[in-house]
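**Student:** For the protein sequence lines, the chains are A and B, in the order given.
Using my numbering, you'd call the opening residue of the first sequence number 1 and step up by one each time.
Using my numbering, you'd call the opening residue of the second sequence number 1 and step up by one each time.
Each hint can be trusted.
Not the full set, but computed from the structure, chain A residues with beta-carbon under 7 Å of chain B:
1) Met-13
2) Ile-34
3) Gly-120
4) Asp-122
5) Arg-125
6) Ser-128
7) Gly-129
8) Thr-135
Straight-line Cα separation of at most 35 Å, DSBU-like style, residue types lysine-lysine; simulated pairs:
9) A/Lys-11 - A/Lys-171
10) B/Lys-112 - B/Lys-171
11) A/Lys-224 - A/Lys-291
12) A/Lys-112 - B/Lys-11
13) A/Lys-291 - A/Lys-11
14) A/Lys-220 - B/Lys-112
15) B/Lys-203 - B/Lys-11
16) B/Lys-112 - A/Lys-224
17) B/Lys-298 - B/Lys-203
18) A/Lys-203 - A/Lys-224
19) B/Lys-224 - B/Lys-171
20) A/Lys-112 - B/Lys-220
21) A/Lys-298 - A/Lys-203
22) B/Lys-112 - A/Lys-11
23) A/Lys-220 - A/Lys-11
24) B/Lys-11 - B/Lys-224
25) B/Lys-224 - A/Lys-112
26) B/Lys-298 - B/Lys-220
Only some residues are given here: those of chain B computed to face chain A with a beta carbon under 8 Å:
27) Ile-10
28) Pro-18
29) Ser-44
30) Met-104
31) Ser-126
It is worth saying that the hints were derived from the structure and are not from the lab.
Owing to the predicted nature of the structure, the values given are computational and were not obtained by experimental measurement.
C-beta atoms are modelled at their ideal positions from N, C-alpha and C, and glycine is treated no differently.
There are 2 protein chains.
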Amino acid sequence: MGEFELIAAIKGMADGLPANGFEGIGDDCAVLEIGNGEALVFTSDALCEGVHFLREAIPPRALGDKALAVNLSDVASMGVAPVAVLLSLSLPDDLHEGWVEELMAGFTTLAKQHEVALIGGDTTRSQSGVVLNITAIGRGAASHLKRRRDARVGDVVLVSDRLGASAAGLKEVLQGNYHAPLAAIHHHPVAEIEAGCWLGARKEVHAMMDLSDGLASDLKHILKASAVGAEVELTAIPVAEGATLREALTGGEDYKLLLTADAAHCTRLMANFESRFQRPLYPVGHITASKELHWLEKGVETVQEISGFCHF
Amino acid sequence: MGEFELIAAIKGMADGLPANGFEGIGDDCAVLEIGNGEALVFTSDALCEGVHFLREAIPPRALGDKALAVNLSDVASMGVAPVAVLLSLSLPDDLHEGWVEELMAGFTTLAKQHEVALIGGDTTRSQSGVVLNITAIGRGAASHLKRRRDARVGDVVLVSDRLGASAAGLKEVLQGNYHAPLAAIHHHPVAEIEAGCWLGARKEVHAMMDLSDGLASDLKHILKASAVGAEVELTAIPVAEGATLREALTGGEDYKLLLTADAAHCTRLMANFESRFQRPLYPVGHITASKELHWLEKGVETVQEISGFCHF
Numbered sequence: 001m002g003e004f005e006l007i008a009a010i011k012g013m014a015d016g017l018p019a020n021g022f023e024g025i026g027d028d029c030a031v032l033e034i035g036n037g038e039a040l041v042f043t044s045d046a047l048c049e050g051v052h053f054l055r056e057a058i059p060p061r062a063l064g065d066k067a068l069a070v071n072l073s074d075v076a077s078m079g080v081a082p083v084a085v086l087l088s089l090s091l092p093d094d095l096h097e098g099w100v101e102e103l104m105a106g107f108t109t110l111a112k113q114h115e116v117a118l119i120g121g122d123t124t125r126s127q128s129g130v131v132l133n134i135t136a137i138g139r140g141a142a143s144h145l146k147r148r149r150d151a152r153v154g155d156v157v158l159v160s161d162r163l164g165a166s167a168a169g170l171k172e173v174l175q176g177n178y179h180a181p182l183a184a185i186h187h188h189p190v191a192e193i194e195a196g197c198w199l200g201a202r203k204e205v206h207a208m209m210d211l212s213d214g215l216a217s218d219l220k221h222i223l224k225a226s227a228v229g230a231e232v233e234l235t236a237i238p239v240a241e242g243a244t245l246r247e248a249l250t251g252g253e254d255y256k257l258l259l260t261a262d263a264a265h266c267t268r269l270m271a272n273f274e275s276r277f278q279r280p281l282y283p284v285g286h287i288t289a290s291k292e293l294h295w296l297e298k299g300v301e302t303v304q305e306i307s308g309f310c311h312f
Numbered sequence: 001m002g003e004f005e006l007i008a009a010i011k012g013m014a015d016g017l018p019a020n021g022f023e024g025i026g027d028d029c030a031v032l033e034i035g036n037g038e039a040l041v042f043t044s045d046a047l048c049e050g051v052h053f054l055r056e057a058i059p060p061r062a063l064g065d066k067a068l069a070v071n072l073s074d075v076a077s078m079g080v081a082p083v084a085v086l087l088s089l090s091l092p093d094d095l096h097e098g099w100v101e102e103l104m105a106g107f108t109t110l111a112k113q114h115e116v117a118l119i120g121g122d123t124t125r126s127q128s129g130v131v132l133n134i135t136a137i138g139r140g141a142a143s144h145l146k147r148r149r150d151a152r153v154g155d156v157v158l159v160s161d162r163l164g165a166s167a168a169g170l171k172e173v174l175q176g177n178y179h180a181p182l183a184a185i186h187h188h189p190v191a192e193i194e195a196g197c198w199l200g201a202r203k204e205v206h207a208m209m210d211l212s213d214g215l216a217s218d219l220k221h222i223l224k225a226s227a228v229g230a231e232v233e234l235t236a237i238p239v240a241e242g243a244t245l246r247e248a249l250t251g252g253e254d255y256k257l258l259l260t261a262d263a264a265h266c267t268r269l270m271a272n273f274e275s276r277f278q279r280p281l282y283p284v285g286h287i288t289a290s291k292e293l294h295w296l297e298k299g300v301e302t303v304q305e306i307s308g309f310c311h312f
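The shape of chain A in the complex, shown without the other chains (with noise of 0.2 Å):
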């Protein structure tokens, strides 16, 4: 069984069970209402050494930084702010000394400057490999959330960010090239948290993810959970320096912002979003009635099947 499989196997599992008021598996997040106004969302990822990241290519401080990160960002493309994490560390014996405060030092670091309370987690020995799971708690205005399944047709398709930069980086790190700048963002994503609370406060867009398995596959979720289709201009996607269209397309781990918003006041969001953080949302395409996904290359629909990053 494949990640994607499984997920649904579970999902299929966990429809049986009760909802207790939740919006469970199929958002970056869960999301429960808690009265005036107000909703919490939730949300967990694990990080597993060999899968996940080679402790010897990363620095137990940019670990803690990233699996943090990574949590914050799944929080944020709701569009709210995160609040609240759990953490589990399962460590093997053989860290190095220091190891386990540098790993908390870059946690704690990216907490502070989010301000985002450390609640709770759990502490156990590994017989293998470090494994970090962190829960997320976002809390917000329940009307600032975004949602896959919001998505209307006519709206545009934007990107908050250049795309492509950490599977480039990925890359060097699978060559050993630990040291070369594009490894440092891979191993030291910049996730759009800012970026996504203010965005969800803006009632222009519609549906909004964080793009972790790459645009393909990423706004895949999107068209399906909103029951949409879409046409992606291929020299419209903002390529990270050192990337390729490829990569920026199918590189997982961007952590950047995947959404759609209402054409007739795309323009504007667009000003506002470039004057308030200094660089500019990238409109790449449109939402269609359907229910296919098309590349286009200069408006000519190209036939190439892109496929995304898995984790599985």
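Given the coordinates of chain A, work out where chain B should sit on it, guided by the hints.
**Tutor:** Structure of chain B alone, referenced to chain A:
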């Protein structure tokens, strides 16, 4: 660094972060009051192959059940009902056909029994053993919450069931007797979900926690948090069939409740509990002002130092 030192170090770092309205590390769960007299509680636990279980010893169905049970136990020991969980599965490639389905069957059967929602999580590949991480969320009246810090001088110390069976079962497992009756108890802990919620609603109950590391170790957490001491009568400890007194005192993973209750109303509490659950609460000692834990044998102080189980 041992487990408790590491937790202390992490707690120190957490103290430097904002609280954002959460009561964080220090109890079985973190607490967030959400208005209208209601509170949510949060807890995370990791189970690692080779540390918390042996894959060849525990059937996957039992593992799914146990992983959930230990988390629901932490929620119920706060006096409120579990309502939702997030499940992260890190899975190696060498699992036998149907292993994950069996694991999930055990998990969802228990979730259904306690009406708990499965709202999210993560599935990843593991390069080594199986790691499960569960975050459980509870919800209930804020006035029902039972914390470690609320034991009062004069309180009776009680446990909710006979102790030591899990430790005796672990001994069988480590000797390869995977099918011994006590091994089944070790692999299938029955967490005190209903009892925890029922005791949460009782004002006579002051402090409460679940017994995951053994009475000798866990009681010290209540004493420290409440700045009190205790005298415990060894002959009053309810020892499970097949277990020794030492296993009852220092064995981990019983997942029964440890509580302190107002001495003036304790007889009524015990009678009501027995008529509700058809089994007794066991008084084992009382809280003192001394800030020390003393072990008595027929009223006479013993000199032995009794230490708990360490998961790390």
